[in-house]
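Chemist: Chain residues, written in single-letter form:
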Amino acid sequence: MGLGEVRLRGLLLGGLAGDSSAYHTFLKELSGHLRAFLRKRLVNLPEEVEDLVQELLLAVHNQRHTYDPGQPITAWIYTIACYKLIDLLRLSVAETARLIGMSQSAVKVGVHRGLTALAAKIRSES
Amino acid sequence: VNTDELVSLLATGSEPVDTRLPMRRYLIAVVAGTAVATLLTAEWLGFRPTLVRDLSVPMFWAKEAFCAALGAAGLVGAARLARPGARLGRVLAAVAAPLIAMWLLAAVALLSADPPGRAELIFGQTANACPLLIALLSTPVFVAIFWAMRGLAPTSLRLAGAAGGFAAGSLGALVYSLHCGELAAPFLGIWYVLGILIPTTFGAWAGPRLLRW
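One line per chain: the protein sequences are A and B, in this order.
If you count the first sequence from 1, position 101 lands on 101 in the numbering used here, and the numbers rise without skipping.
Here the numbering used here = 1-based position in the second sequence + 126.
Bound conformation, chain B alone (with noise of 0.2 Å):
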């Protein structure tokens, strides 16, 4: 085949191409994800009794704050990313913002408490469990954007895998969330934070690996 013969086989019968379709695919993918995963939490782990209390608490407020400030600079990155040429902006300071914020507060609380009482700021009752919940959690999710940006043209593949992983695992977080009743800054700063890289790393391990085209 000539190039001209090539050029004018790809044009002829072109059919309308919709560019927002894979956005629109990109969303539908989230929300599934998200879905499946409070599923989970609902039958497996339990949503936590004190839920409904807690939504007086300011703490309960910036923990669900974090986690989906997180997730959101996390899925435009990933959008981003899936798009030849496109820039990353300021999504790389919408991702330190809320890690920022949280450390100051954690800062705070560790330096305004007694001595002894700084573990159980840190520990909580289930920093054992936290973080590799929050991965497992974020799996549907994960599986959800990797296919959605498989539908795409990521060119920066680990960076890409990464992305997507860290947005699965902000949103396992805020997932997770309603189950676990930890609402210590330090903890949060720590084990979700903990977390959401486990997912984030795998990402950047299977970027290449899955989202090659």
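Pulled out of the complex, with its shape left as it was, chain A reads as follows (with noise of 0.2 Å):
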């Protein structure tokens, strides 16, 4: 567990508790942290990054009374993360094929690639 890990924990600790202010610092980091990744994966498609940005942080505020104290919160995130993007892009692989010109398989690939990186990520950066 790196800091951003005990970071994070301790702000959405306080946010559960009712701190609104670190909930909000919670909020704004993971959003950064979040707009980061999908920016660097999505280059052909700018425009969709804050849209999933914000679906992401819905996701994870609605179910933010499914974090167990006891676990590690970047797991907890990312399973929320890689729940929500299957279930978004599921939907739109065939648009998004068609909007980048790529197949859908080349897409599933992309995604499933892009949600490795995604652990990657949130873990090298916490």
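None of these hints come from the bench; they were simulated from the model.
Source: prediction; values computed, not measured.
You may find that some hints are simply not true.
As the list claims (entries may be wrong) - Pairwise CB distance ranges, derived in the manner of DEER restraints: (1) A:A106 to B:P142: 22 to 32 Å; (2) B:S134 to A:A106: 34 to 44 Å; (3) B:R151 to A:T116: 29 to 39 Å; (4) A:G10 to B:R146: 40 to 50 Å; (5) B:E131 to A:L91: 39 to 49 Å; (6) B:S182 to A:P69: 37 to 47 Å; (7) B:A245 to A:A117: 21 to 31 Å; (8) A:V109 to B:A191: 24 to 34 Å; (9) B:E190 to A:V109: 25 to 35 Å; (10) B:P175 to A:P69: 47 to 57 Å; (11) B:L165 to A:M102: 12 to 22 Å; (12) B:G277 to A:I86: 18 to 28 Å.
We put the beta carbon where it would ideally sit given N, CA and C, even for glycine.
Take the two lone chains and join them into the complex the hints point to.
Modeler: Have a look at this one:
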């Protein structure tokens, strides 16, 4: 567990206890992590990045009651982000393939690589 | 809405969140589902007349422990699979241990029995009805567990559904044992396990449909 892990966890636990300024900082730092990653991966779709960041923020917010304080926070965030991204991208693989001129299976491979890299990034930054 | 606005929107007026609430809900659901299954057994099948006498039979307790251990492992598994990023850890070993123990007991019983008596050990009197009745009795527990899991956020939907079904099936078997008088290990190792596998399979099918969020 790196510093980021400890810091994010403290902020989220503060937020869950009702400290809205800790929670604000948590969401802000989380959106930074998510944005940096998505930007790097979706070079061809810069306009999608902010929408996805917001979708993932909402997902984490809506599921914040499922965080078990005994659990690494990065694993929790990563799993929610993967689930939500896959869910969103599954719906739009066909559309995405058309947009960026790749085959559907290439898009799926890209999604998989992106998610793996997201995991690595969240872990290395924390 | 830009992201900073969204963050402020989500953070302002955020109420304290009780992270223990989902688990409490889960426990209440399990107790309620099991209670309904017990009532169903009492009203519809009846507790077996030898129940009190059986309390002094070791195999009766082995049977109860078998169902309870599978149920406990299933419940822990379902609870973990309902939280994003939680690990299963030793849950699979906890599922395997009672199964292996029961199958070993069954093997010993079959090997030490006279060949003509083996069919009786395997089929007992009620092999036809047993798996289906276990599956039926597990229904209220199944509904309760799925309701509780929907309050959390499972991400491996098929596996989470199977674990929920497995827990429901094991608790259904535990309740069914109040009616069923079969005590032979081969019978339990086959028909009880089949009965548990019915809701497990159904759970694996239902997970991706009912547990999405």
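Chemist: Holds or violated: the 22 to 32 Å window for the beta-carbon distance between A106 of chain A and P142 of chain B?
Modeler: 46 Å, violated
Chemist: May I ask you to test the hint 47 to 57 Å on the CB atoms belonging to P175 of chain B and P69 of chain A?
Modeler: Because 50 Å falls inside the window, the suggested range holds.
Chemist: Does the Cβ distance between E190 of chain B and V109 of chain A fall inside 25 to 35 Å?
Modeler: For E190 of chain B and V109 of chain A the Cβ distance comes to about 51 Å; the hint is violated.
Chemist: If you check the beta carbons of L165 of chain B and M102 of chain A, does the distance land in 12 to 22 Å?
Modeler: For M102 of chain A against L165 of chain B, whose Cβ atoms are near 58 Å apart, the range 12 to 22 Å is violated.
Chemist: Evaluate the given range 21 to 31 Å for the C-beta pair formed by A245 of chain B and A117 of chain A.
Modeler: 59 Å, violated
Chemist: Is 34 to 44 Å a correct range for the gap between the Cβ atoms of S134 of chain B and A106 of chain A?
Modeler: Once the Cβ atoms are compared, 38 Å apart, the range 34 to 44 Å for A106 of chain A and S134 of chain B holds.
Chemist: Taking the Cβ atom of G10 of chain A and the Cβ atom of R146 of chain B, is their distance within the range 40 to 50 Å?
Modeler: Once the Cβ atoms are compared, 19 Å apart, the range 40 to 50 Å for R146 of chain B and G10 of chain A is violated.
Chemist: Do the beta carbons of S182 of chain B and P69 of chain A sit within 37 to 47 Å of each other?
Modeler: Since S182 of chain B and P69 of chain A have Cβ atoms about 45 Å apart, the given range 37 to 47 Å holds.
Chemist: When you take the CB atoms of E131 of chain B and L91 of chain A, is the distance between them in 39 to 49 Å?
Modeler: Violated: the Cβ-Cβ distance is about 25 Å, outside 39 to 49 Å.
Chemist: Determine whether the Cβ-Cβ distance between G277 of chain B and I86 of chain A falls within the hinted range of 18 to 28 Å.
Modeler: Holds, since G277 of chain B and I86 of chain A (Cβ atoms, about 22 Å apart) stay within the stated range.
Chemist: Is 24 to 34 Å a correct range for the gap between the Cβ atoms of V109 of chain A and A191 of chain B?
Modeler: 48 Å, violated
Chemist: Is it true that R151 of chain B and T116 of chain A lie within 29 to 39 Å of each other by Cβ?
Modeler: Holds - the Cβ-Cβ distance for R151 of chain B and T116 of chain A, about 34 Å, lies within 29 to 39 Å.
Violated hints, in rising order: 1, 4, 5, 7, 8, 9, 11; the structure is consistent with all others.
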